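**Q** Mapping to the numbering used here: the sequence shown position 77 is 77, numbers consecutive.
In case anyone wonders, no lab produced these hints; they're calculated from the structure. Quick caveat, the model's predicted, so the values are computed rather than measured. We treat Cβ as the ideally placed atom computed from N, Cα and C, and that holds for glycine. There may be inaccurate statements among the hints.
[Stated by the list, open to error] Label-pair restraints from in silico Cβ distances:
#1 Pro122 to Asn143: 20 to 26 Å
#2 Asn158 to Gly20: 43 to 49 Å
#3 Asn156 to Lys36: 47 to 53 Å
#4 Lys49 to Asn143: 30 to 36 Å
#5 Ile194 to Leu63: 32 to 38 Å
#6 Glu164 to Lys48: 41 to 47 Å
#7 Phe181 to Ile140: 36 to 42 Å
#8 Arg153 to Glu52: 37 to 43 Å
#9 Leu88 to Lys199: 36 to 42 Å
#10 Asn145 to Val67: 34 to 40 Å
#11 Ile148 to Lys66: 37 to 43 Å
#12 Val67 to Lys213: 28 to 34 Å
[Stated by the list, open to error] DSS-like cross-link-like pairs, simulated, lysine-lysine; straight-line CA separation at most 27 Å:
#13 Lys36 to Lys212
#14 Lys18 to Lys212
#15 Lys109 to Lys184
#16 Lys70 to Lys184
#17 Lys6 to Lys84
#18 Lys109 to Lys21
#19 Lys208 to Lys12
#20 Lys212 to Lys199
#21 Lys49 to Lys113
#22 Lys200 to Lys184
#23 Lys199 to Lys120
#24 Lys212 to Lys21
#25 Lys119 to Lys66
#26 Lys152 to Lys71
#27 Lys12 to Lys184
#28 Lys57 to Lys18
#29 Lys49 to Lys22
#30 Lys22 to Lys199
#31 Lys22 to Lys92
#32 Lys90 to Lys71
#33 Lys113 to Lys199
#34 Lys66 to Lys196
#35 Lys21 to Lys120
#36 Lys208 to Lys186
#37 Lys36 to Lys184
#38 Lys184 to Lys21
#39 Lys119 to Lys138
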Amino acid sequence: MIPAKKKSSRLKNKNLTKIGKKMLFEYTLEASINCKDIYQTYISSDSKKILEVSQKKGAYIHLRPKVFAKKNSTANEVILNFLKSLNLKKYKNYYLVYLQPTSPLRTRKHISKAIWLSKKFPTHTIISASVQDRSVLKSIIKNKNNDIPMSKRFFNDNDQNLPEVFLPNGAIYIFSLNNYFKSKKKIPLTKIKIFKMAKKDSVDINTKEDLKKIAIN
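Given the sequences, and given the hints that come with them, work out the whole structure.
**A** And the structure:
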């Protein structure tokens with residue numbers, strides 16, 4: 001499922017923004033449609049243009065109510081609204097591949113590899129992420145009354161002794177719908193496996209500055 005609403009705050013109508021010869025959301029749409037491991041591709045949007053283009057390319061469409069296309073609408077709300085439009089008895093044993101449309105450098109090959117990882121660890125949620133500076137584990141969190149270490153366990157360790165740190169890039173989430181409903185209708189986070197992506201492929205488009213980071217012909 002691809003959540004691609006019409007409006008956005010930091011970059012106006014970002015999903016409709018042209019990058020090269022395509023609109024931003026089309027890169028994710030085509031990656032999903034062309035991935036042989038994806039059973040069906042759905043796009044959830046409040047934009048007629050996005051829905052029309054998606055349907056012509058072979059995707060199933062879901063008209064998202066405006067109430068779930070607001071600035072403060074959460075991924076969990078959008079997913080639940082989408083799932084309610086389906087025959088849940090038919091799909092309850094399926095897996096949802098959640099692809100944010102702001103990751104144009106995530107390809108069908110990335111998706112297939114992430115699905116392979118999901119098959120290897122079927123009870124886990126797969127989350128794409130890129131390696132970060134491990135010294136972030138020694139950060140201090142600003143708190144109202146008393147600032148606190150992010151991790152007391154690693155705060156005084158030498159950097160070379162710190163474990164690898166990954167930051168989710170928003171490109172791929174995969175989880176079973178059974179686990180989703182067991183997790184009170186939220187993306188299940190009890191058991192996670194990281195799908196590692198290179199930083200160069202992890203660009204998440206939210207601002208004009210982000211657009212400058214990519215080069216697509």
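**Q** Indicate, hint by hint, whether the structure satisfies it.
**A** Against the structure, the hints:
1. Pro122 to Asn143: 20 to 26 Å: About 39 Å separates the Cβ atoms of Pro122 and Asn143, which means 20 to 26 Å is violated.
2. Asn158 to Gly20: 43 to 49 Å: holds (45 Å)
3. Asn156 to Lys36: 47 to 53 Å: The hinted range 47 to 53 Å holds for Asn156 and Lys36, with Cβ atoms some 49 Å apart.
4. Lys49 to Asn143: 30 to 36 Å: violated (45 Å)
5. Ile194 to Leu63: 32 to 38 Å: Holds, since Ile194 and Leu63 (Cβ atoms, about 34 Å apart) stay within the stated range.
6. Glu164 to Lys48: 41 to 47 Å: holds (44 Å)
7. Phe181 to Ile140: 36 to 42 Å: Roughly 38 Å apart at Cβ, these two residues keep to the hinted range, so it holds.
8. Arg153 to Glu52: 37 to 43 Å: violated (52 Å)
9. Leu88 to Lys199: 36 to 42 Å: For Lys199 against Leu88, whose Cβ atoms are near 37 Å apart, the range 36 to 42 Å holds.
10. Asn145 to Val67: 34 to 40 Å: Holds, since Asn145 and Val67 (Cβ atoms, about 36 Å apart) stay within the stated range.
11. Ile148 to Lys66: 37 to 43 Å: holds (40 Å)
12. Val67 to Lys213: 28 to 34 Å: holds (33 Å)
13. Lys36 to Lys212: violated (31 Å)
14. Lys18 to Lys212: It holds: about 13 Å lies between the C-alpha atoms, which stays within 27 Å.
15. Lys109 to Lys184: violated (31 Å)
16. Lys70 to Lys184: holds (22 Å)
17. Lys6 to Lys84: Roughly 21 Å separates the two Cα atoms, so the pair holds.
18. Lys109 to Lys21: With a Cα-Cα distance of about 21 Å, the restraint between Lys109 and Lys21 holds, given a limit of 27 Å.
19. Lys208 to Lys12: Judged against 27 Å, a Cα distance of about 9 Å means the pair holds.
20. Lys212 to Lys199: holds (15 Å)
21. Lys49 to Lys113: violated (31 Å)
22. Lys200 to Lys184: The given pair, whose Cα atoms are some 35 Å apart, is violated under the 27 Å limit.
23. Lys199 to Lys120: holds (24 Å)
24. Lys212 to Lys21: holds (16 Å)
25. Lys119 to Lys66: Not OK: Lys119 and Lys66 at ~35 Å, beyond 27 Å, violated.
26. Lys152 to Lys71: violated (35 Å)
27. Lys12 to Lys184: The given pair, whose Cα atoms are some 33 Å apart, is violated under the 27 Å limit.
28. Lys57 to Lys18: Since the Cα atoms of Lys57 and Lys18 sit roughly 17 Å apart, the hinted pair holds (cutoff 27 Å).
29. Lys49 to Lys22: Status holds; Cα separation ~13 Å.
30. Lys22 to Lys199: Roughly 22 Å separates the two Cα atoms, so the pair holds.
31. Lys22 to Lys92: violated (34 Å)
32. Lys90 to Lys71: violated (32 Å)
33. Lys113 to Lys199: Holds, at about 17 Å.
34. Lys66 to Lys196: violated (34 Å)
35. Lys21 to Lys120: violated (37 Å)
36. Lys208 to Lys186: Violated, because 31 Å separates the two Cα atoms, which is more than 27 Å.
37. Lys36 to Lys184: violated (31 Å)
38. Lys184 to Lys21: Measuring from Cα to Cα gives roughly 41 Å; hence the hint is violated.
39. Lys119 to Lys138: The given pair, whose Cα atoms are some 34 Å apart, is violated under the 27 Å limit.
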